[in-house]
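Enquirer: Sequence:
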Amino acid sequence: MTQNSASKLLNGDSLHRTKQDKKAGRNGFVKNHCLFQQQQKRYRRPAEKNHHASSTSLYKKPFVESFEETPLLVAVLTYMGYGILTIFGYLRDFLRDWKFEKCHLAREREEQKDFVPLYQDFENFYTRNLYMRIRDNWNRPICSVPGAKMDLVERVTPDYNWTFEHTGNVLKHVINMGSYNYLGFAENTGTCADAASECTVKYGVGVSSTRQEIGNLDKHEELEKLVARFLGVESSMVFGMGFATNSMNIPALTGKSGKENCGSEDMQSLEKLLRDAIVHGQPRTHRPWKKILIVVEGIYSMEGSIVRLPEVIALKKKYKAFLYLDEAHSIGALGPRGRGVVDYFGLDPSDVDIMMGTFTKSFGAAGGYIGGKKELIDYLRLHSHSAVYATSMSPPITQQIITSMKSIMGEDGTTLGQERLCQLSENTTYFRRRLHEMGFIIYGNNDSPVVPLMLYMPAKIGAFGREMVKRNIGTVVVGFPATPIIESRARFCVSAAHTREMLDTVTIEVLDDPPMEVDMDLVKEWSNDWPTSSPSSTVEWLGGKKLFWPLFWGYTDVDSGEDGTGQAVEEEDDYVLEYDSGEPLPSGLDKTGGNWESPWTHGHYDVDSCEKWLNCKSEFLQRYLQQVLTELPSCPCTYPSEASNNIVSLLDAGRDRTFQWRDASGPKERLDIYKPSAHSCLRSGLSRDGTTLAAQHCCYDDNNHLITRGKGAGTPNLISTEFSPELHFKVDVMPWILCKGDWSRAEKYGPVYRLNSFHYVVLIVYCPEATKTLLMSPKYLKDHFVYKRLFNLFGKRFLGNGLVTAVDHNIWYRQRRIMDPAFSSTYLRSLMGTFNEMSERLMDKLAEMADTKAPAVMHELVNCVTLDVICKTAFGVDLNLLKQTDSPFQKAVEQCLKGMVFYLRDPFFTLLPKNWKTVQETKDAAELLRKTGEKWIQNRKTAIESGEDVPKDILTQILKTAEEENVTNKEDHELMLDNFVTFFIAGQETTANQLSFAIMELGRNPEIYKRAKAEVDEILGTKREISYDDLGKFTYLSQVLKETLRLYPTAPGTSRWIHEDMVINGLKIPGGCAVILSSFVSQRLEKFFKDPLKFDPERFDVNAAKPYYTYYPFALGPRICLGQVFSQMEAKVVLAKLLQRYEFSLVPGQSFDIKDTGTLRPKSGVICHIKHCS
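Take 36 as the starting number for the sequence shown in our numbering and just add one per residue.
Honestly, the hints are just simulated from the structure, not real lab data.
Some clues are possibly wrong.
[As the list claims (entries may be wrong)] Straight line, CA to CA, 27 Å or less: simulated DSSO-like cross-link-like pairs of lysine-lysine:
#1 K1125 / K1048
#2 K1198 / K926
#3 K949 / K831
#4 K823 / K970
#5 K952 / K831
#6 K1103 / K184
#7 K831 / K966
#8 K1129 / K1141
#9 K949 / K926
#10 K1045 / K1206
#11 K325 / K353
#12 K1077 / K807
#13 K353 / K307
#14 K1058 / K918
#15 K880 / K1206
#16 K1125 / K1045
#17 K831 / K976
#18 K823 / K926
#19 K970 / K918
#20 K505 / K1103
Because the structure is a prediction, the values reported are computed rather than measured.
Please put together the full structure from these sequences, using the hints given.
Expert: Below you can see the structure in the form of structure tokens.
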């Protein structure tokens, strides 16, 4: 009847998906349709230009539609997807023919082969091999009214979607985004339901007869008169079935000598069809057509577009044709009075010859109508097959339509109908705007409640539908043959019954959950022009202009440095994603970019990374911002009200040109977090005339006045969301999170949320009860996916099945039983002499530096001390690294840590030739550690067997216990080496990092420093040796170390494997997934620790409330760190001696950021000036 997207391909359209005589630009995008009398200020996307039709006088309001051509890469991949499915389909048919696989679909029998086939071969092939894969996404049964929310009957399939079985469960309160319930009248309560109920009692449910016999009721006549008044026509006729309204009446209207032209949205194509029909006449005879009928839809339900009715009427009048308007979707959903597309354009209903519509959408009922002149309706009453043979409309359905239509017209004495019309318009505008802001490709008109969101790939059809149901959202997914093969989509239908919260839930679930197993296609306006590899300084899109690219920091090349020596050279600021929210850069800087040096530079240099960002002390940031600010517009003084719904063009007097602006105040912007005092914000659009990817960002208060200072002021975005939402988040948002601890994702999604990495599912959990359950019970093993990767390092055995990485409980328990005696309190007391000895070496080194006034890199120094301690106490080996600075053993530990980060986080690291040198160095370092350990262990075994006097260190204790446990096989020997490496990696690195962070925070907090020093002086006085009893007296020093571990846990978290179903925070979690428990995050959450980013040792005062399973820097339960007491004893001794002997202050200008090297360490190493205590 009407022309859909698929049929357009068969009707000679020269450009696929090009409408309204618009050709795709060189970047593959089709330009908007914008028709209006005055110049339009709205732009949908920077890559698309508005189109002004020659017949602008036909339109009384802006008419904006957008249809982007499928990107070439996506089209190719989609065709490949269907090709692969087809190949596998033929393979399965082959297996079915040979009875290897059962075919559940009906087939022609052998004896029927000479008859006309009942099934088209390809249709049957498509159904059984492609459609069946995703059949579960359609025809889902419901058991409630299809209102804003509905209840779905849960079903499962035992045979891959051939048949379904109901489980007896019901999915409650599913947000309904698939029903055509535009005005929300599909409800079982309210005036419509009450009236229908009363009508059922009076008339029954039907009369089982045609209108021409005994099926005509007064309700039918009342409805027809009401419909005629509603449409503004002379007469109308109603039918019991919407589809039959078209299929039974169009043949009656055209007859045998009528020409039906399905209206194309391309007016030139439609005009050509009309001319051809008039010139050539009927086929074969070439007799002229007696009548020509143009059939168009109000809203094209698969595209979300609105018919260009003014132009269609003009053509109809020009060629003296008849116009048949199908308003199945537009009636009730469009127009200020809800009277369809005629009302929407403000046209005269008499210009449309036949007005058809259905009651199944906006009226929450069934059936359809035809309206027009009285002569037309009288003719149809006699000649329409539906009128002569079909059963008349059911009385309660008739009453439902009457009541809802009177409500829309306001004849029920209320404003309910008008309120629903307004609410539908607001919801449509809001929902479409949210999707556009979040970067999705959507089709259709801005005012259309049908919102197609493009999926493209065939695999995404099923995945999207299933994932949405998992998130309690019901929607319709559509693919070939209902759409062109490369334009699969999800179709949202907006309703007046939807609340803003429901729409936000949908956009958050669809758009703010990137790992929902469906990699959605974001709108990247210049994706066909930008190179897919790393950014280049010269881009075709810029016409060869030099592009100032801000992301030149990033990872250091491990093979080639800038010094030309081939050694890795780390840039001064490799972690540049840093800025502060306390006093942002002011909005609306002047044309020259302002003075970035003096106005916001503090009078001192002792600042953290956020302040460095604020003050632009980084040279490359200064250069980039100076470049950016010469091209960005100044902020408007007041927020333009029209920007809330539209993209606006505003003149910048300083630049003497216009810039596009769009609203940046949606829920995804999280103004409550990032701009807490701002009410609304604007973001400038990218320009083809510019050479920057940045955008101006301006924020406004409750009175719509520009905020220029404080926490609500906008700051220029280094990367515009239009270019890449992902890069914008990493460059402009993630720094705030890193600097200020914005754990909004944890706060936003609650204590449990999911992340997907391909098939690997991970739960992020911040629930104390869950932490208690998972860590305190031995039945939840460590996640094998993470910890098994540490077994080897680039193919060389590394941590193996040591205490940290062992996943098997029996292997871990056996080792722990062997190790426990070596870490008993009795033995640890005997280590105080070693702790004091190694600490004294550090004091001597610091004395030299104090005398020479050389700055001390404290992390390097304490790292040497902790490695000396572990070697001495564990293996009886004295390395004396503070003097032997070129020790290969220390370098091997550093190289293993460095290589471990690359190995864990970059699965393609070994594939690049430039990384092979680093890979080999790391393997050599791991081999050196294991060979050294093997040598030391063998020497000790030999000494014990020969009866020599051996040190009473940890190794001796372990070997004695192992002998008692009868540990003699080769694997047990390897386990010993595993733990040897584990001691060096975990034993010295974590303690050194804790000490470094503690020194850094003491230097940044003078009051805390003074109090800790006073306690040490009071307890130690002038004595040099610290006893075991002294450690227990360091109350405040212990609080300092605990608070250091709260803010800077050296191991930022742990993970566990859930092997069976369990409930976490009221959510049923299926077995077979990993759970990450991040101490780094939970220890920085406001709900667990007040003012969490403040360094406050008082949190751990003896009288303070104890954290409930939210503080676990050493993990908890049976897998708690074996060496935590050892580590804290060592840290207390070193820090106490440092506070007793020296005064230290931090060198200005260094970074206080965290550097992630597998463990967390201070980025700048904590550089201090050292002075002797007076």
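Enquirer: All hints are to be evaluated individually against the structure, with a verdict given for each.
Expert: Evaluation of the provided hints:
1. K1125 / K1048: holds, 26 Å
2. K1198 / K926: Holds. K1198 to K926 sits at ~18 Å (cutoff 27 Å).
3. K949 / K831: holds, 20 Å
4. K823 / K970: Judged against 27 Å, a Cα distance of about 26 Å means the pair holds.
5. K952 / K831: holds, 15 Å
6. K1103 / K184: holds, 22 Å
7. K831 / K966: Distance ~12 Å between K831 and K966 Cα, so the pair holds.
8. K1129 / K1141: Holds - the C-alpha atoms of K1141 and K1129 are around 17 Å apart, at most 27 Å.
9. K949 / K926: holds, 21 Å
10. K1045 / K1206: At roughly 15 Å apart (the allowed maximum being 27 Å), K1206 and K1045 satisfy the hint.
11. K325 / K353: Holds: K325 and K353 sit about 16 Å apart, inside 27 Å.
12. K1077 / K807: Judged against 27 Å, a Cα distance of about 20 Å means the pair holds.
13. K353 / K307: Satisfied, since the Cα-Cα distance of roughly 13 Å is no more than 27 Å.
14. K1058 / K918: Holds, at about 25 Å.
15. K880 / K1206: holds, 12 Å
16. K1125 / K1045: Judged against 27 Å, a Cα distance of about 23 Å means the pair holds.
17. K831 / K976: holds, 25 Å
18. K823 / K926: Cα-Cα ~25 Å, so holds.
19. K970 / K918: OK: K970 and K918 at ~23 Å, within 27 Å.
20. K505 / K1103: holds, 13 Å
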